[in-house]
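Undergrad: Start from chain P and add chain E according to the hints.
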Amino acid sequence: MSTIVKPAPARSGAAPAPARRARTRLVGGRKEAAVGWVMLLPAAVLILTFLLVPIGLTFGLAFTNARLVSPEPARFVGMDNFVALFTDDTFWASLRNTIVFTVVIVPFQSGLALVLALLVNTRTRGTTFFRTVFFLPVVTSIVVVSMLWLFMYQKDGLINVLLSKVGIQGPDWLGDPHWALLAIILMSAWQAMGFHMIIWLAGLQTVPAELYEAAALDGATRWQQFAHVTWPGLRATRTFILITITIAAFGLFTQVQVMTQGGPLNSTTTLVFQAVRSGFQQQQTGYASAISLVFFVLVLVVTLIQRFLTRDKEARR
Amino acid sequence: MTDTIRDVADIETPHPVEPERHRRPAWRAGLTLALKIVLALVFGLPLVFMIVSSFKPDAQIFHDLDGIQAFLPVGDLSVDNYVGVFDRVPFAQFLFNSILISVLTVGLGLIMNSLAAFALSRMRIPGGRIALGVILATLIVPFEVMALPLLWEVNQLPYFDGTQIVQGWLDTYTVQIVPFIANAFSIFLFYQYFDSIPKELDEAARVDGAGWFRIYRSIIMPLAGPAVATVAILTFLPAWNQYLWPLMVTQSEAVRPAMVGIDYFKQLNTSWGQIMAYASIITVPVLALFVAFQRSFVNSIASQGLKG
Chain P
1 MSTIVKPAPA RSGAAPAPAR RARTRLVGGR KEAAVGWVML LPAAVLILTF LLVPIGLTFG
61 LAFTNARLVS PEPARFVGMD NFVALFTDDT FWASLRNTIV FTVVIVPFQS GLALVLALLV
121 NTRTRGTTFF RTVFFLPVVT SIVVVSMLWL FMYQKDGLIN VLLSKVGIQG PDWLGDPHWA
181 LLAIILMSAW QAMGFHMIIW LAGLQTVPAE LYEAAALDGA TRWQQFAHVT WPGLRATRTF
241 ILITITIAAF GLFTQVQVMT QGGPLNSTTT LVFQAVRSGF QQQQTGYASA ISLVFFVLVL
301 VVTLIQRFLT RDKEARR
Chain E
1 MTDTIRDVAD IETPHPVEPE RHRRPAWRAG LTLALKIVLA LVFGLPLVFM IVSSFKPDAQ
61 IFHDLDGIQA FLPVGDLSVD NYVGVFDRVP FAQFLFNSIL ISVLTVGLGL IMNSLAAFAL
121 SRMRIPGGRI ALGVILATLI VPFEVMALPL LWEVNQLPYF DGTQIVQGWL DTYTVQIVPF
181 IANAFSIFLF YQYFDSIPKE LDEAARVDGA GWFRIYRSII MPLAGPAVAT VAILTFLPAW
241 NQYLWPLMVT QSEAVRPAMV GIDYFKQLNT SWGQIMAYAS IITVPVLALF VAFQRSFVNS
301 IASQGLKG
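From first to last, the protein sequence lines stand for chains P and E.
Mapping the first sequence onto this note's numbering, position 304 (from 1) lands on 304, and the numbers just tick up by one.
Mapping the second sequence onto this note's numbering, position 291 (from 1) lands on 291, and the numbers just tick up by one.
In short, the hints are calculated from the structure, not lab data.
This structure is a prediction, so every number in the text was calculated from the model and none was measured.
We put the CB at the ideal spot given by N, CA and C, even for glycine.
Please note that the accuracy of each hint is not assured.
From the derived model, a few chain P residues whose C-beta atoms are all more than 10 Å from chain E [claimed, not checked]:
#: 1; residue: Glu-72
#: 2; residue: Thr-87
#: 3; residue: Val-104
#: 4; residue: Ile-305
Label-pair ranges, simulated between beta-carbon atoms [said to hold, decoys possible]:
#: 5; chain 1: E; residue 1: Ser-78; chain 2: P; residue 2: Leu-304; range: 52 to 60 Å
#: 6; chain 1: E; residue 1: Leu-72; chain 2: P; residue 2: Ile-168; range: 22 to 30 Å
#: 7; chain 1: E; residue 1: Arg-214; chain 2: P; residue 2: Pro-232; range: 42 to 50 Å
#: 8; chain 1: E; residue 1: Ile-130; chain 2: P; residue 2: Trp-231; range: 37 to 45 Å
#: 9; chain 1: E; residue 1: Ala-137; chain 2: P; residue 2: Pro-264; range: 39 to 47 Å
#: 10; chain 1: E; residue 1: Leu-157; chain 2: P; residue 2: Val-77; range: 21 to 29 Å
#: 11; chain 1: E; residue 1: Lys-266; chain 2: P; residue 2: Pro-177; range: 16 to 24 Å
#: 12; chain 1: E; residue 1: Asp-171; chain 2: P; residue 2: His-228; range: 53 to 61 Å
If we strip away everything but chain E, and leave its shape as in the complex, we get:
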């Protein structure tokens, strides 16, 4: 992971070289551009449609389907749909739950997984190699394989509800956070990155009397910025977008995240304007994060391929 790509714009790869005899004719460049524009419309317009429609009354959304105005902010625009979303469901609570769950999963995961990777990468510990092998072997197992057995398991585990020990973790924040903190892929990414940092650095620090925790905190982690960004992004997206798991483990609105909350709008009489408003609020912050941190987003995804 040492050669990460600096920016989505910087991915510059060697190009096929044009032999002198056949120069690319101008019409082919034009055709390529036309193809790109069509594809940009295919990928971009549905999202434009979603955001534009969120400001229109239901009747107008259907009426506008027939022309270009479906993608344009024209007509009777208002924030009524957004107001409606907050009226209809405890949306602020859902959003708070989503943010709390994502932030804790990512934050605790960064600490715990980097510590584990540090120990595996830089320290001689008995059983370390076996632990690493087991962690790597689990990488091919998709979450869906064990979702149902895990559901059964967490329903048997003892849970301290503040006053007494009860059985089962269902319908808590804990059950949505704790199983996802430790992450084999995060450990792998940190491990790979730590291995690229010269060992002489910590040997010198050892000689100067630094303890292992100090080396981790003051030497390795400050150098691991790109790995931290990669892991943060790659764990934030699934945490924010989780659907299957909270669908099964949450029953009350107090702990339900926003992704599952969208189901309310399908069950009651459907207002597509409100659905689009709901979808826009839970999507636009992530899109904004992506545009702001585009460089890190693309690095983190590209780095997965480079390990391949």
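Next up, chain P with everything else stripped away, as it sits in the complex:
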């Protein structure tokens, strides 16, 4: 978006008189603005209606008693929704599960994805095959993945049968409150890991080859090269991966809806699952908006913290 107007290259032959040229540019500018807004308008209207307005509504409706279908208009109720929310054990369970899910899956998934990326960051035979296989779950819908693992996680399902082959008595994965959230974490990481493997690979590309050569000349071992060349070189990629996994993890819903319905004993309920339950099944839009607002604040806080931490590191360097 250059703001400086470059003089139009003069056409060969008769140049227009200065006065006329100035007027043409003025009219042209106004026309350019009009045409530009015509091009921008369809997207702008849709973004306003289906992105900005709903974000605003999240804030507005959280302080009302709005219902999804109601003959009466929504009424302002102050902090009532939040008071109800903060005294509701299910809300605290869903907040705790959402945070536990995020705190566990972020290092687990991003770390293993980096291991995958390093493993397939070679020219050896079969590399394309391995990359493709690691990526296959990413293009499989999470609904399908959840149904598939629902079957594999059964008490006498595929996973426990395999575990028993090596002498491990597997738990009732989705039926036991101690294991259900972990089961969902493992499955979710399995599904999304290939995605972040590709992003790590793209990041590895940006590390200059000369650095490795210089380090090798100095006699650095492979581990030292990783610690002092690769890892610092991946700083931008790291930030991106952490933010995207974190925000995606906060939004955990489909797996819970398909596999556990929040159970057993609320051990897998999440913020979005509760928001859908109250805002859709029970039609309490106001209450659901309050939950969504909590979710929004979490996302904002994490984004700000991660921005702050990465800025801090840049300053120290």
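TA: Chain E alone, transformed into the frame defined by chain P:
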């Protein structure tokens, strides 16, 4: 986004260089390969299991769990499960709905978002900078945050049902398509790509008397192939895989997409063979697309990281 990766096989990055003193012993190469094979089994076998099981009767699926035959197409194979899927639910309708919704969302999105990005990137328009800033700021807001308020909103909007204006968009194709056409991330990707195309090209065209729409159509878009592929893929996958939104806004089978249709099999007496058949039909086309357009898929994902 100018340096995109050409292929999943082409991502070649500088490698740690082996110091002469410690050459990597052969056993370590063997160990790495063994690790890769184990991981390939972990990532690949569940999908193999899904597809293989879709051809087996329920009793055999359970019986086969106990051994390697769980992953092998052996025993009493048939397409009965697939026939059953079509008998049990209006599956052709679900598939049609999914295809229609995805294609329209992607197609209209490509046009509308590239037009907006073109205006923001190459034209001087008042308020353009502010518009771009607002669009970028919305990128961190996940859809789930506003899903419930959006549900309330679309239920208030007026809707023309062909004969008269009624209240509420629920249970239509419109409510599954229109809110997802304009996409901040698509605009951002197009904007970034358009900015890398030299401005001299359109200045020359302006001098030759070309209008802005003509520049967009005949100069910029023909050069924007990689951006179009990226946006198409990154909007197709979520459109095809959408679950939360259609779960809330569709009530009738006439407009329900295939992802939500899978719920039918959980509610009625569960036939796992049919579930696997259903899951395979809605998955295999996307897997085939991925293998065919692997290069573009990987580019589009990698390009997201490069912006980071």
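Undergrad: Compare the structure with each hint and give your call.
TA: Here's how the hints hold up against the structure:
Residue placement check: Glu-72(P) keeps its beta carbon more than 10 Å from all beta carbons of chain E (closest about 13 Å). With a closest Cβ-Cβ approach of about 21 Å to chain E, Thr-87(P) is found to remain outside the 10 Å limit, as its non-interface label requires. Every C-beta of chain E lies more than 10 Å from that of Val-104(P), the closest at about 19 Å, which supports listing it as non-interface. The Cβ of Ile-305(P) lies farther than 10 Å from every Cβ of chain E, with a closest approach of about 13 Å, so its non-interface assignment holds.
Distance hint for Ser-78(E) and Leu-304(P): a CB-CB separation of about 57 Å, consistent with the stated range 52 to 60 Å. With their beta carbons about 24 Å apart, Leu-72(E) and Ile-168(P) fall inside the hinted range of 22 to 30 Å. Remark: the range hint 42 to 50 Å for Arg-214(E) to Pro-232(P) is upheld by a beta-carbon distance near 48 Å. The given range of 37 to 45 Å is respected by Ile-130(E) and Trp-231(P), whose C-beta atoms sit roughly 39 Å from each other.
A hinted range of 39 to 47 Å for the beta carbons of Ala-137(E) and Pro-264(P) is consistent with their spacing of about 40 Å. In this structure, Leu-157(E) and Val-77(P) meet the distance hint of 21 to 29 Å, their C-beta atoms being roughly 24 Å apart. Between Lys-266(E) and Pro-177(P) the Cβ separation comes to about 21 Å, which falls inside the hinted range of 16 to 24 Å. Checking the proposed 53 to 61 Å range against Asp-171(E) and His-228(P) shows it holds: the Cβ atoms sit about 59 Å from each other.
Every hint, counting from the list given before, is met by this structure.
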